[in-house]
Amino acid sequence: MLKVKNLRASVGDKEILRGINLEVNAGEVHAIMGPNGSGKSTLASVLAGREEYKVTSGSITFLGDNLFDLSPEERAWKGLFLAFQYPVEIPGVSTTNFLKTAVNNVREHRGLKKLDAVSFLKLMREQMKLMDIDQSLVNRSLNEGFSGGEKKRNEIFQMALLDPKLAILDETDSGLDIDALKIVANGVNHLKSSNNAIIIVTHYQRLLEYIVPDFVHVLFNGQIVKSGTKELAIELEEKGYDWIREEVEGISI
Amino acid sequence: MSKEEQLLKEFTSMEYEHGWSVDIEADSAPMGLNEDIVRFISAKKNEPDWLLEWRLKAYRHWLTIEEPKWPNVTYPKINYQDIIYYSAPKQKVKPENLDEIDPELIETFNKLGINIEEQKRLTGVTSVAVDAVIDSVSVATTFKDTLAELGIIFCSFSEAVHEHPELVKKYLGSVVPMTDNYFATLNSAVFSDGSFAYIPKGVHCPMELSTYFRINAANTGQFERTLLVVDEGAYVSYLEGCTAPARDENQLHAAVVEIYVAKNAECKYSTVQNWYPGNKDGIGGVYNFVTKRGICAGDNSKISWTQVETGSAITWKYPSCILKGDNSIGEFYSVAVTNNYQQADTGTKMIHIGKNTKSRIVSKGVSAGKSQNSYRGLVRINKRAENARNFSQCDSLLMGDQCGAHTFPYIEVHNKSAQVEHEATTSKIGEDQLFYCNQRGISTEDAVALIVNGYAKEVLKQLPMEFAVEAQKLLALTLEGSIG
Ligand SMILES: Nc1ncnc2c1ncn2[C@@H]1O[C@H](COP(=O)(O)OP(=O)(O)O)[C@@H](O)[C@H]1O
Ligand SMILES: [Mg+2]
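Going line by line, the protein sequences match chains A and B.
Mapped onto the numbering used here, the consecutive letters of the first sequence carry residue numbers 4 to 256.
Mapped onto the numbering used here, the consecutive letters of the second sequence carry residue numbers 138 to 621.
Chain A on its own, in the form it takes in the complex:
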C-alpha cells in the first residue's frame, strides 16, 4: 500500500528526515515511536503533502501512484488520512457543515453519490455514537474552543466518516484521559480491516495496549533506527529513549 524509500526532507536549510524506509501493507498496523523532535510529525506531514516540507530525495508510492504527483486533496480522495497532532480551529464553520463538505468532496472523487442532508446526518449520527460525540459538539465551529480530548476524538470521528485506506494518527493519544483513550482505541479498532492500514505515531506504548501494532519502528534524529514487533514498544517504555540514543550513538559515525 505504502512504500517509502530513502526519504529525505527538510525545512529551510534544516534537514529533518534523513533517509526513511518504510513499507506498509493492507491490514497492518504500524507504530512509529521516538523522542520529541525526532521527525515523526514531519514524516506525517510529508505523507499528507504539506508544502512547507521540501522532499530532497527518495520516493513514496501509495496504492501504485507516485505520491509526489498528487496534491494534498488528491491524496485524501485516494484514501490517505492524517489525524493531526494539533487540529486547527476554523471559526464560524460548523463542524457539521465542514464534515459534510469533506465527505461529499471525497465521495465525489471516489465515484460515489454525494449525500443529501438527510443521508449525511444519518451517517454522521451513527459515527457519533461510535466515537461518543455529543450533538452540541458538531453544532459548534470546527475545533473552536474544543478541549484537547474533544479535538482528538473529533479527528478519529472524521476518520470514521471519510473511510480512509491509510490513516496516520499523529499523537492522537496525548492529552487523553484513560476513558477517552479507550473510546478512541475502540473506534480505531472498529475501523481497522484487512483492506486498510494504520500508522500510529506515539510517545508511549499506552495506546498500543488497546490497538495492537504488527510492527513498531523507532524514529530517532530523522532515521528509523530500529524496527520490531509490539515487544519493542514495551522495551522502549521500560528502558526509555536514552537506551536508543546510546545504542545509536554507539553505531553511528
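No lab work stands behind these hints: they were computed from the structure.
None of these values were measured; they are calculated from a predicted model.
Where hints are given, some of them may not hold.
Stated by the list, open to error - A short list of chain A residues far from chain B (calculated; beta carbon distances all over 12 angstroms):
{"no.": "1", "residue": "Lys8"}
{"no.": "2", "residue": "Asp16"}
{"no.": "3", "residue": "Glu54"}
{"no.": "4", "residue": "Ser60"}
{"no.": "5", "residue": "Leu66"}
{"no.": "6", "residue": "Glu111"}
{"no.": "7", "residue": "Asp135"}
{"no.": "8", "residue": "Gln138"}
{"no.": "9", "residue": "Val141"}
{"no.": "10", "residue": "Asn146"}
{"no.": "11", "residue": "Ile181"}
{"no.": "12", "residue": "Asn192"}
{"no.": "13", "residue": "His193"}
{"no.": "14", "residue": "Tyr207"}
{"no.": "15", "residue": "Gln208"}
{"no.": "16", "residue": "Arg209"}
As the list claims (entries may be wrong) - Beta-carbon label-pair distances, calculated as ranges:
{"no.": "17", "chain 1": "A", "residue 1": "Ser13", "chain 2": "B", "residue 2": "Ala561", "range": "53 to 63 angstroms"}
{"no.": "18", "chain 1": "B", "residue 1": "Met602", "chain 2": "A", "residue 2": "Asp119", "range": "50 to 60 angstroms"}
{"no.": "19", "chain 1": "A", "residue 1": "Ser74", "chain 2": "B", "residue 2": "Thr562", "range": "49 to 59 angstroms"}
{"no.": "20", "chain 1": "A", "residue 1": "Asn142", "chain 2": "B", "residue 2": "Lys553", "range": "39 to 49 angstroms"}
{"no.": "21", "chain 1": "B", "residue 1": "Glu558", "chain 2": "A", "residue 2": "Ser74", "range": "20 to 30 angstroms"}
{"no.": "22", "chain 1": "A", "residue 1": "Gly231", "chain 2": "B", "residue 2": "Asp569", "range": "30 to 40 angstroms"}
Using N, Cα and C, we set each Cβ at its ideal position, and we do this for glycine too.
Model the placement of chain B with the ligands on the given structure of chain A, informed by the hints.
For chain B with the ligands alone, coordinates are given in the frame of chain A:
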C-alpha cells in the same frame, strides 16, 4: 510558490460573472452636465415644477461644493462633463404587461437570475416583489396589485412623483437633505429613477420588496433614488441587488437611499452590491459613491442595514441610522470583500438622539490582492440620549500581504450614561487552515469559500433567505479561481 502565493495569484485572476452587456436601444441625454441637462431629465420624466425647482436648487448648490477628500481611496479626477446623465432603454411607454417588454430586457434579467415572467406567473406564491431598474429607468415592477390590496405602494420613483406627489413631497430630502454631501447633492440634481415604497400603518409587508439595478449603457452614470416610508407599526424587508457590464472606463454610480420609519415600525434593508469591480489590473469598474440613511423617527422603531459588498472599483458608503425616537434601534451588518485593485471605504454612522437607544455594528472586511479595505464608523451619543448603548465589532480578514485593512472608528459621547463598546480583530486565512481542509479532501478554492463564509456568517444570517444563498454563492464566486 507557496500555497498562499498561488492562492493569491489565482484569486487575483478571477473573472467577473456579470460582465456582459446587452444591445438595447437607448434614449440618452447628450454628454455633460449643465442646467439644461437637469431640465432635460425633468422634462423627460414629465415632472411637476416643484421637483424641477428642487433639482435646480441642488444643482446650483453642487456647483459651490467640492468632492470629499477624506475617504481612504485614490482615483483620477472625475470629469463630470464626460458622463451621460440620462439613458433609458428605448421603450415607448411603460409596459402594461410583460408581453410589451423588450425581449432583450427580459433576457437581461434572466441572466441576472431574475425571471420576471416567472415572477408574474407565481403571483402570490413567491415572496419577492421586484422593481427592475436598468440604466436609469424602472422597467418592471412585479406584484403591484397584490401589494396594493394591503395599501402598500411599491413602484418606480417617477411613478410615485405622479401618483403620490404628497408623499414624495413630504419625505424627499427629509433624511438626506439635498445639501448633504457632494454626491448626494449631485444625485438630487440628476437622479433619474429608483424605487419608492410606502407601507401604511400597521401593515406587515408579506413579501420582500426588491429592486435590481443594472447599468447597461456605456459612459452612463447611474443616479437612482430610493425612498422608503414605513408608517406606524408597519414592517418591511427590502432587498437591493446590482450588477454592471465589464467596461474599460470607470462608471459613476451615485445613489441616495432614504428611509423614514415611524413609531413602532421596522425596516430591514439588505443589499448585495456586485457592480463591476474592474479587471485584475485595476482597469475599469464602478465608482460606487452612495448615501444611505434612515431615520427612526418614532419611539420603538428599528432600522437594520445588511450589506454584502463584493463589487465596484471604489466603494464609498456609510448606511446610517438616526435614532431619534426613544428606545429605537439601529443595526449595521456588513461584509465587504475587496480584491485586485478594489478600494472600499465603508461603514456606518449611528446617531443616538432619543433615550434608551441602541445600536449594533458588525463589520467584516475581507481583503485580497492589492486591494484596500477600510471600515469607517461613527457612533455619536447626543446630550439628551440617556442610557444609550452601542456595540461595535469590526473584523478584518487578510489574504496575502499586499492588501490593506484599516479601521477608523469615531466615537463621540456627550452623555455620561452611555455605554459604548468597540472590538476589533485582524486575522489571516492561515496556511494551516487551508492544509487541514485539503487533507480532508476539500480543494483550496472550496476551503477559502468555506472559511470566508464562516467568517462572515454573523452578517450573512441577517439576510432574508432568498438572498442569503445568493450572497454565499457570490462570495464563493468572487473567490473562484483560487485553487491552489
Ligand atoms: N516548520 C518548521 N520549521 C522549522 N523547524 C521545524 C518545523 N517543523 C519541524 N521542525 C523541526 O524539525 C524537528 C522535528 O520535528 P517534528 O517532526 O515535529 O518532531 P516530532 O513530531 O517527532 O516531535 C524538530 O527539531 C522541529 O523543531
Ligand atoms: Mg509531533
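So, going through the hints one by one against the coordinates:
no.: 1; hint: Lys8; verdict: holds (23 angstroms)
no.: 2; hint: Asp16; verdict: holds (17 angstroms)
no.: 3; hint: Glu54; verdict: violated (6 angstroms)
no.: 4; hint: Ser60; verdict: holds (21 angstroms)
no.: 5; hint: Leu66; verdict: holds (15 angstroms)
no.: 6; hint: Glu111; verdict: violated (9 angstroms)
no.: 7; hint: Asp135; verdict: holds (21 angstroms)
no.: 8; hint: Gln138; verdict: holds (19 angstroms)
no.: 9; hint: Val141; verdict: holds (15 angstroms)
no.: 10; hint: Asn146; verdict: violated (9 angstroms)
no.: 11; hint: Ile181; verdict: holds (28 angstroms)
no.: 12; hint: Asn192; verdict: holds (22 angstroms)
no.: 13; hint: His193; verdict: holds (20 angstroms)
no.: 14; hint: Tyr207; verdict: holds (25 angstroms)
no.: 15; hint: Gln208; verdict: holds (27 angstroms)
no.: 16; hint: Arg209; verdict: holds (26 angstroms)
no.: 17; hint: Ser13/A / Ala561/B: 53 to 63 angstroms; verdict: violated (39 angstroms)
no.: 18; hint: Met602/B / Asp119/A: 50 to 60 angstroms; verdict: violated (19 angstroms)
no.: 19; hint: Ser74/A / Thr562/B: 49 to 59 angstroms; verdict: violated (31 angstroms)
no.: 20; hint: Asn142/A / Lys553/B: 39 to 49 angstroms; verdict: holds (41 angstroms)
no.: 21; hint: Glu558/B / Ser74/A: 20 to 30 angstroms; verdict: violated (44 angstroms)
no.: 22; hint: Gly231/A / Asp569/B: 30 to 40 angstroms; verdict: holds (34 angstroms)
Taken one by one, the earlier hints fail for this structure at numbers 3, 6, 10, 17, 18, 19, 21, listed in ascending order.
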